[in-house]
Amino acid sequence: MAIYQDSIRVQDCFGTLHKRAGPSPPAVSFPVGRAAYSLGLTASNGVERQGLPERGNQGQRRQRRAVEPRTERMTVDQDWTAVYPTAASFKPNSVPLPVRMGYPVKRGVPPAKKGNLELIKIPNFLHLTPEAIKKHCEALKPFCTEWPAALDSDAKCEEHFPIQVESKAYVSAGPSLRNPNARIITLTVKLSSLNLDEHARKKLIRLSGERYNKDTDTLTITTDSCPMKQQNYDYAMYLLTVLYHESWKTEAWEKEKTRADMEEYVWEDSPSQKNILETLLRMRPLGEKEEEGEVREELLGRVEVQEYKDSVTKLKNEGETETNMQQYKEAVKKLLNI
Amino acid sequence: MTASMRIASVRLLSKTRHYFSSEVAVQPGARTVHHQPASTRNVCLIPVAFLHKGRAYGTQSSSVTVTEEPDLLFQKLSVLVKSHDKAVLDSYEFFATLAAKELGLTLAKVFEPPKNIERLTLLKSVHIFKKHRVQYEMRTHYRCIEISRITGSTSRVYLEYIQRNLPEGVAMEVTKTAIEKVPDHIQMPLWSVQSQEKQGSQ
Numbered sequence: 072m073a074i075y076q077d078s079i080r081v082q083d084c085f086g087t088l089h090k091r092a093g094p095s096p097p098a099v100s101f102p103v104g105r106a107a108y109s110l111g112l113t114a115s116n117g118v119e120r121q122g123l124p125e126r127g128n129q130g131q132r133r134q135r136r137a138v139e140p141r142t143e144r145m146t147v148d149q150d151w152t153a154v155y156p157t158a159a160s161f162k163p164n165s166v167p168l169p170v171r172m173g174y175p176v177k178r179g180v181p182p183a184k185k186g187n188l189e190l191i192k193i194p195n196f197l198h199l200t201p202e203a204i205k206k207h208c209e210a211l212k213p214f215c216t217e218w219p220a221a222l223d224s225d226a227k228c229e230e231h232f233p234i235q236v237e238s239k240a241y242v243s244a245g246p247s248l249r250n251p252n253a254r255i256i257t258l259t260v261k262l263s264s265l266n267l268d269e270h271a272r273k274k275l276i277r278l279s280g281e282r283y284n285k286d287t288d289t290l291t292i293t294t295d296s297c298p299m300k301q302q303n304y305d306y307a308m309y310l311l312t313v314l315y316h317e318s319w320k321t322e323a324w325e326k327e328k329t330r331a332d333m334e335e336y337v338w339e340d341s342p343s344q345k346n347i348l349e350t351l352l353r354m355r356p357l358g359e360k361e362e363e364g365e366v367r368e369e370l371l372g373r374v375e376v377q378e379y380k381d382s383v384t385k386l387k388n389e390g391e392t393e394t395n396m397q398q399y400k401e402a403v404k405k406l407l408n409i
Numbered sequence: 467m468t469a470s471m472r473i474a475s476v477r478l479l480s481k482t483r484h485y486f487s488s489e490v491a492v493q494p495g496a497r498t499v500h501h502q503p504a505s506t507r508n509v510c511l512i513p514v515a516f517l518h519k520g521r522a523y524g525t526q527s528s529s530v531t532v533t534e535e536p537d538l539l540f541q542k543l544s545v546l547v548k549s550h551d552k553a554v555l556d557s558y559e560f561f562a563t564l565a566a567k568e569l570g571l572t573l574a575k576v577f578e579p580p581k582n583i584e585r586l587t588l589l590k591s592v593h594i595f596k597k598h599r600v601q602y603e604m605r606t607h608y609r610c611i612e613i614s615r616i617t618g619s620t621s622r623v624y625l626e627y628i629q630r631n632l633p634e635g636v637a638m639e640v641t642k643t644a645i646e647k648v649p650d651h652i653q654m655p656l657w658s659v660q661s662q663e664k665q666g667s668q
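The listed protein sequences correspond, in order, to chains G and Y. Take 72 as the starting number for the first sequence in my numbering and just add one per residue. Take 467 as the starting number for the second sequence in my numbering and just add one per residue.
Certain hints may be false.
[Unchecked claim] Straight-line distance between alpha carbons at most 20 Å, and here's what the computed EDC-like set of lysine to aspartate or glutamate pairs gives:
{"hint": "1", "chain 1": "Y", "residue 1": "K647", "chain 2": "G", "residue 2": "E189"}
{"hint": "2", "chain 1": "G", "residue 1": "K239", "chain 2": "Y", "residue 2": "D650"}
{"hint": "3", "chain 1": "G", "residue 1": "K205", "chain 2": "Y", "residue 2": "E559"}
{"hint": "4", "chain 1": "Y", "residue 1": "K567", "chain 2": "G", "residue 2": "E237"}
{"hint": "5", "chain 1": "Y", "residue 1": "K567", "chain 2": "G", "residue 2": "D223"}
{"hint": "6", "chain 1": "G", "residue 1": "K239", "chain 2": "Y", "residue 2": "D556"}
{"hint": "7", "chain 1": "G", "residue 1": "K300", "chain 2": "Y", "residue 2": "E639"}
{"hint": "8", "chain 1": "G", "residue 1": "K205", "chain 2": "Y", "residue 2": "E626"}
{"hint": "9", "chain 1": "Y", "residue 1": "K552", "chain 2": "G", "residue 2": "E209"}
{"hint": "10", "chain 1": "Y", "residue 1": "K567", "chain 2": "G", "residue 2": "E229"}
{"hint": "11", "chain 1": "Y", "residue 1": "K542", "chain 2": "G", "residue 2": "E189"}
{"hint": "12", "chain 1": "G", "residue 1": "K205", "chain 2": "Y", "residue 2": "D556"}
{"hint": "13", "chain 1": "Y", "residue 1": "K642", "chain 2": "G", "residue 2": "E217"}
{"hint": "14", "chain 1": "Y", "residue 1": "K647", "chain 2": "G", "residue 2": "E209"}
{"hint": "15", "chain 1": "G", "residue 1": "K261", "chain 2": "Y", "residue 2": "E568"}
[Said to hold, decoys possible] Computed footprint of chain G on chain Y; a stretch qualifies when at least three of its residues, placed anywhere within it, have a C-beta under 8 Å from a C-beta of chain G:
{"hint": "16", "stretch": "534-546"}
{"hint": "17", "stretch": "565-575"}
{"hint": "18", "stretch": "601-607"}
{"hint": "19", "stretch": "628-639"}
Keep in mind the hints are simulated off the structure, nothing from the lab. Note that CB positions come from ideal geometry on N, CA and C, so glycine has one too.
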C-alpha cells in the first residue's frame, strides 16, 4: 500500500488548504505510517508560512509536499542500526548530522547536506558504526574456530607444520570477476624438516637448482602452469614428492663424481694433504726406515695436522676472513715449529 | 549445503586428517589438555545474517554445521586494499581492525604502503598542436592489514564479512600462507639404501 506523502492535504484550523513548504514551525503531529497528519495548531501565532498558491486544478495533479525530515523525530538514543542496516546512499533527511561537503563558495562555507551530490557520490560507512560491527561479529562468532593454543610461536608452527603454501585471492570490480594471478601457488619447505640423508640432501639441492636458498635452507616451488588453484597445488605437491624420492635414488653414473663436482672442499686426498705429508716426512730425521702407511697414519693422527686440516677446510669453504687467516697462520706455525 | 560439504570432504580425503592427534603425541603432557579433540572440525559457513529468508522477524537460532573435514591453518593472512580515495581506506581500516578485534583475531601489522601515482601526458588536441598537452594522473592508495595465526573457518568468516562490506571503488588482494604437515608419502623414501646396495652389487 503506497502512501504518498504529498497526497495528504493539510488542513489548518482556519479551514484553508495550503501546501507545506520547507521546514515547518513546530507542530503537533501524529506520525501514522509514512504520512503525518497535523492538527494545524502551530506554536507560533500568526507568523504563518505562506505557501505557494494552488496551481492549476486541485484534483488533477497531486503536488509534492515537503514534509518535515525524519531527522526531526529522531531521538539521541535511537537504534542507528535500524536506520542504516545495510549499505545505502546518503539520505540527508535520514542522517541527523549537520554535514557539509564540497568546494566553498566565495567567502562562504561548503554547501549543506540537502541536495548535495558530493555526499551521495562517496561511499559512506553509516551502516558500519562500531555498534553495528559488534552486533555483526556477535552473530558471526559461532562460525569461527579457535586457533590451537599450543602453536603460539612461529618456531612451533615450523616444527609441526613445516610446509607453507602461499596463495592469493583477488576482489575487484570490472568486466570479469576472475583474476588469472589467483591460480599461482608457492610452496616453501625447509630441507631440515624432511627425512633426508647426506647424499639425498645434496642430490635434492642439485635437482632443485635455483629454487633452493642456501642461506635459509628453504626449497621454494612456484607453480602456475595449470589453470586452477587446486591443480597447481596438486602439481606442487607432486613435484615435491618426485624430488624427494628421486634424491634418495643412486644412479650408476653417480659413482663417477669427481673432485670438481664436489659441493664442499674435502681435505682427504687433496693436494694440500699430500703436500703437508711430504713436508712432514722430509722434516723427520734421516735413517729411520719405516713403513710408509704407518708413518702416514701417525702423522695424520697428530693434533697439529688436524688443526691444519680444519683451517684449510674453513678457508676453502667459507672464504678468506680475518679469523680464518689467523687460524691458518697459527696452525702452520705449530706444524713447522716456528 | 551438506551435499557440497561431503563432496568437498571426499576431495580432501587424501589430506592428512590427524593433525592434532600426532601433535598430541609430540607435545608434553601438560599441554594436551587444552587441545581440541583429535579430529578438528571445520565449520560450515552460511551465516544466517547473510541469508535472505524473507522472514519478518529476526535471525533464528544459528545453523552451524560441524563437519569432520580438518580445518586449515593459516600462519599469516594479509589483506591489501587499494583505492583512489584515502579517506575511504581510513574508514575501511577502522572497520576491518574493529571487526578483527571483535572476532578475537591477532592483528600483526596494520600499515600503509606508499601510494603509487601513474602519470600520463597526452596531446590536448585531436590533430596538431604538439606543444599543447594535457596531463593526467592516477593515484592508488594502499592499506595492508596482516593477521597472524588464524584458522580456515575463521578466515572464511572474516574474509566474507570484510568483502561483503567492501565499498565501491576499492579493490582487495588477499595473501594466505597456509601451513601443513609433511604428507605421508614424503615421510619415508620409497627406495631404501639396502635395496640400492643389492641392485649395485647385481
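Now the hints, each set against the structure:
A C-alpha spacing of about 53 Å is found between K647(Y) and E189(G), which places the hinted pair above 20 Å, so the restraint is violated. This hinted pair does not check out: K239(G) and D650(Y) have alpha carbons roughly 26 Å apart, beyond 20 Å. Taking the CA atoms of K205(G) and E559(Y), the gap is about 15 Å. The hint holds against a cut of 20 Å. For the suggested pair K567(Y) and E237(G), the alpha carbons sit about 24 Å apart, so the restraint of at most 20 Å is broken.
Among the hinted pairs, K567(Y) with D223(G) is consistent with the structure: their alpha-carbon atoms are about 18 Å apart, no more than 20 Å. The hinted pair formed by K239(G) and D556(Y) fails the criterion: a straight-line CA distance of about 23 Å is larger than 20 Å. Simply put, K300(G) and E639(Y) have alpha-carbon atoms about 16 Å apart, close enough for the 20 Å limit, and the pair holds. Note on K205(G) and E626(Y): the hinted pairing holds, with a Cα-Cα distance of about 16 Å set against a maximum of 20 Å.
Using a Cα cut-off of 20 Å, the hinted pair K552(Y) and E209(G) is violated, with the two alpha carbons roughly 29 Å apart. Using a Cα cut-off of 20 Å, the hinted pair K567(Y) and E229(G) is violated, with the two alpha carbons roughly 26 Å apart. Between K542(Y) and E189(G) the CA atoms are separated by roughly 38 Å; this puts the pair beyond 20 Å, and the hint is violated. Straight-line distance between C-alpha atoms of K205(G) and D556(Y) comes to about 19 Å, which keeps the hinted pair within the 20 Å bound.
Taken as a hint, the K642(Y) and E217(G) pair is honoured in the structure, with Cα atoms around 17 Å apart against an allowance of 20 Å. For a cut-off of 20 Å, the pair hint linking K647(Y) to E209(G) is broken: about 33 Å separates their Cα positions. For the hint linking K261(G) to E568(Y), the alpha-carbon distance of about 35 Å lies beyond 20 Å, and the restraint is violated. Figure legend: the stretch 534-546 of chain Y, annotated as covered by chain G; annotation consistent (3 residues with Cβ-Cβ distances under 8 Å, at least 3 required).
Figure legend: the stretch 565-575 of chain Y, annotated as covered by chain G; annotation consistent (4 residues with Cβ-Cβ distances under 8 Å, at least 3 required). Counting residues of the stretch 601-607 of chain Y whose C-beta lies closer than 8 Å to any C-beta of chain G gives 0; at least three are required, and the coverage claim is violated. Coverage of the stretch 628-639 of chain Y by chain G holds [criterion: at least 3 residues with CB-CB distance below 8 Å; count 10].
Hints 1, 2, 4, 6, 9, 10, 11, 14, 15, 18 from the earlier list are contradicted by this structure; the remaining hints agree with it.
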